[in-house]
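Could you use the hints to bring the two separately framed chains together as a complex?
Sequence order for the protein chains is D and G. Using the working numbering, read the first sequence as starting at 1 and increasing by one per residue. Using the working numbering, read the second sequence as starting at 132 and increasing by one per residue.
Some clues are possibly wrong.
Claimed, not checked - Not the full set, but computed from the structure, chain G residues with beta-carbon under 8 angstroms of chain D:
hint, residue
1, Thr151
2, Pro215
3, Gly219
What the hints assert, rightly or not - Below, computed lysine-lysine pairings styled on BS3-like, alpha-carbon distance capped at 30 angstroms:
hint, chain 1, residue 1, chain 2, residue 2
4, G, Lys196, D, Lys22
5, G, Lys235, D, Lys74
6, G, Lys331, G, Lys307
What the hints assert, rightly or not - Which chain G residues stay away from chain D? Per the calculated CB distances, all over 12 angstroms, these:
hint, residue
7, Arg227
8, Thr232
9, Gly243
10, Gly266
11, Gly278
12, Pro297
13, Asn298
14, Gln304
15, Glu325
16, Arg384
17, Leu396
18, Ala419
19, Thr427
20, Asp428
21, Ile440
Treat the hints as calculated values from the structure; they're not laboratory data. All residues carry an ideal CB built from backbone N, CA and C; glycine is no exception.
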Amino acid sequence: MDRPIRVLVAKPGLDGHDRGAKVIARALRDAGMEVIYTGLRQTPEQIVQAAIQEDVDVVAMSILSGAHNHLFPKVVNLLREEGVDDVLIIGGGVIPDEDIPKLKEAGIEEIFTPGTSTKEVVEFIKNNLKR
Amino acid sequence: MDLGERLLNGDRRACARLITMLENNDNEAIDILRDLYKYSGNAYVIGVTGAPGSGKSTLTDKIVKEFRKKGKKIGILAIDPTSPFTGGAILGDRIRMNDLTLDKNVFIRSMGTRGALGGMSRATWGAVKVLDIFGMDYIFIETVGVGQSEIDIVKIADTVLMVMVPNLGDDIQAIKAGIMEIADVFAINKSDLEGADRTKLEIEMNLDLSEDKEYRPPVVKVSARQNKGIDDLIDKLMEHRRYLEDTGKIIERRKKNIKLEIMKLIEEELMSLIMDKAFRENLIEDLANDVIAKETDPYTAKERLIDLIKE
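Pulled out of the complex, with its shape left as it was, chain G reads as follows (with noise of 0.2 angstroms):
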């Protein structure tokens, strides 16, 4: 049986092996899916963010044993940073979410950025794929913990939960922009701190000025540790999945981001072009020696590149 089919089946080891190939730009994967497209869209995607340290791990670890109450199968997909400079990661997610482990119906993937800047990894897309069509009725993609613009989660998820927690600056970071605004539903996390109700409403002041008045983001406060408002976080989630889904808006939304998808796929595959070309005969080597010599420029030396792809 091929890994297709395995994965058809319910084949647990499948499903790791296809997201490793992925990861590893292993074309045969990529073939499978080709085959198995049609299998997809069944899963609901939940893109959980926040700074490093917020609890996003441990509140996906609460909410998704609510899901499991409910009788729902679980992707789970935790992006850790890889390091620049050895190509190493430490991905620690799992230890929130032990409990999980030997739960038949939760799958869980513990995956590098490995180069990737936008909180999350090259494969997740691919990942997430494997996990729908794997049968699972929702996925978590947990991003890296993110600053101000790590917002691709954006690109992937049907509903973006913002992971926040008290006291991490003033009104004003909750106008700049970035990844305040893709937030579908924001959680306060660990708000039996001081500050949890000043953070809310600072957020909350802040979506007064939006111009959406068709759905406005609801702004929860959680404890995930003390398993504390989790059921009203769970609330606000799926509401906002009735909102897409009534309003149409979640064809909408999956549109933009299969249009985002394709020029990625294409971004990758003209880059890894225009790559293979300037590092075979160390041609990027020469082009920065002339450019280091004045006889050239970063501009003309681009364009010699390029005009190697037209050829």
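With the rest of the complex left out, here is chain D (with noise of 0.2 angstroms):
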């Protein structure tokens, strides 16, 4: 069925920097994509009720502040406690190379970092939808 891929676009923790998430949710808006963007300051638990309320197909985060290996699995936990399992997850923003095979590990499918070219971005959601 050919139907609008709906994407999350959020930012947990605490810094206040939405310009590359902005750029991203821009990108997969022009990808054709339902893009909901929730917005600075998010807890890990609103981004799952939202992820669920909104019912969407991934979850993409940002983060520049460092908080990334605390919050990113948090976010896979709370929405596996919720029985979602069909949902794609990603992340980006400064993330150190020696963080990524653990994230990955914990359940984010990707992480995208600094230099990555929203195309990549969008052929990858588009390759690794869970449904």
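Right, dumping it as structure tokens:
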């Protein structure tokens, strides 16, 4: 069935910079996706509830504050607790290379670091949807 | 347990999934609504409409917080425009309602218009039923930012709240046809700004000329961001509800809207039948070529497509 992909773009944590998240949101929009943008300073609980109510295919999170090791896996775990297992979870932001394997192990399927083209993100989403 | 039962049992994921299915034209969702329709009709629907940036989301957030203090369960459908070029959308109304996200008695859903032009999406009608059956006491529908003629909200809401802001045009705007005619309650938001009194006066003068002497839409000055005037506004919304219920006009209004909904469903079905025929075997392409070549005209081309349906 031809239907738009729904993506939640969220900024967990306390950093107040959402330029990157907005650029991604806009790129996904232009790729024909429905982007639900929740704004700054979201708790993992808020992200999970929004993902459930919006029934999204993808949760895309951006963090620049360094709290990714804590917040990204927390979102994955809360989603699992709610029984949500058909959502693709990706992350982006200023994330050191050495942290990436651990995050992937925790269930973040891909991490996009500075310099990633928006096209790469779009392609990754299209190729890795879970439903 | 199937989706319908899960919805009746208050499962939020079932509620969300059913709305998705309706948005995607999934007939299974329609069948579920057919079965559960008898459980609908308990929710009161408030439409919130107004120009882009007038503060519909922020105002809805403030109103809903007051309703929550009274223990009411609330559904919110927030509609934003879909790109006619890519089909994509930025749905950003939740940003103003983040405090409500964790409240288990509030369900917020963002929807893209997906080609609909009346300020709502085609699936809004179904989504209201889902939230109603889910057990919501009130359902707020926030339209896209509207201009002068997107009035579909009146075809679904029990009460229409029109959100205005000061200084958007002169008194001629207030007497124009269309959007100004559908309000049951006017809110002048951002009324801390200069010009709010003048805007109120212009709307009041326009209302003075109305033929309807039985109910006059009140005009309330508010500031959503400063949380001012919200109680007064809620009183006015409730007064309209009481007016409809006491006079029995609520039945009249809902019946009128059900007729419109049935007609709309027929229209959609006929349209999809025609489109199906037109695009299958490239018929529309051939007809367009014939019209360009002056071998036929658009009127005759239409008849040929219609004749196919009749067969």
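* **Cβ separation check - Ile440 (chain G) to all of chain D, threshold 12 angstroms** => holds (23 angstroms)
* Gly266 (chain G) non-interfacial with respect to chain D [C-beta, more than 12 angstroms] -> At about 15 angstroms from chain D, Gly266 (chain G) clears the 12 angstroms cut-off, so the statement holds.
* Do the numbers back the hint for Pro215 (chain G), that is, is its least Cβ distance to chain D under 8 angstroms? -> This interface hint is violated because 12 angstroms lies over the 8 angstroms limit.
* Would you check the hint for Lys196 (chain G) and Lys22 (chain D), treating anything up to 30 angstroms between C-alpha atoms as holding? => holds (28 angstroms)
* For Ala419 (chain G), which was marked as not at the interface, is the minimum beta-carbon distance to chain D over 12 angstroms? -> holds (23 angstroms)
* Asked: Does Arg227 (chain G) really sit off the interface, with its C-beta more than 12 angstroms from all C-beta atoms of chain D?
  -> violated (9 angstroms)
* **Pairwise hint evaluation, Lys307 (chain G) against Lys331 (chain G), where the allowed Cα distance is 30 angstroms at most** => holds (16 angstroms)
* Take the C-alpha atoms of Lys235 (chain G) and Lys74 (chain D), compute the straight-line distance between them, and say whether it is at most 30 angstroms. => Holds. Lys235 (chain G) to Lys74 (chain D) sits at ~20 angstroms (cutoff 30 angstroms).
* Is it the case that Asp428 (chain G) keeps its Cβ farther than 12 angstroms from each residue Cβ in chain D? -> Holds, because the least Cβ-Cβ distance between Asp428 (chain G) and chain D comes to about 33 angstroms, which exceeds 12 angstroms.
* **Claimed clearance of chain D by Gln304 (chain G), with the beta carbon kept past 12 angstroms** => Answer for Gln304 (chain G): holds, closest chain D Cβ roughly 31 angstroms.
* To do: Would you check whether Thr151 (chain G) satisfies its interface hint, that is, whether its CB is within less than 8 angstroms of any CB in chain D?
  => holds (4 angstroms)
* Are all beta-carbon distances from Gly243 (chain G) to chain D longer than 12 angstroms? -> At about 5 angstroms from chain D, Gly243 (chain G) fails to clear the 12 angstroms cut-off, so the statement is violated.
The structure fails hints 2, 7, 8, 9 (numbered hints given earlier, in ascending order).
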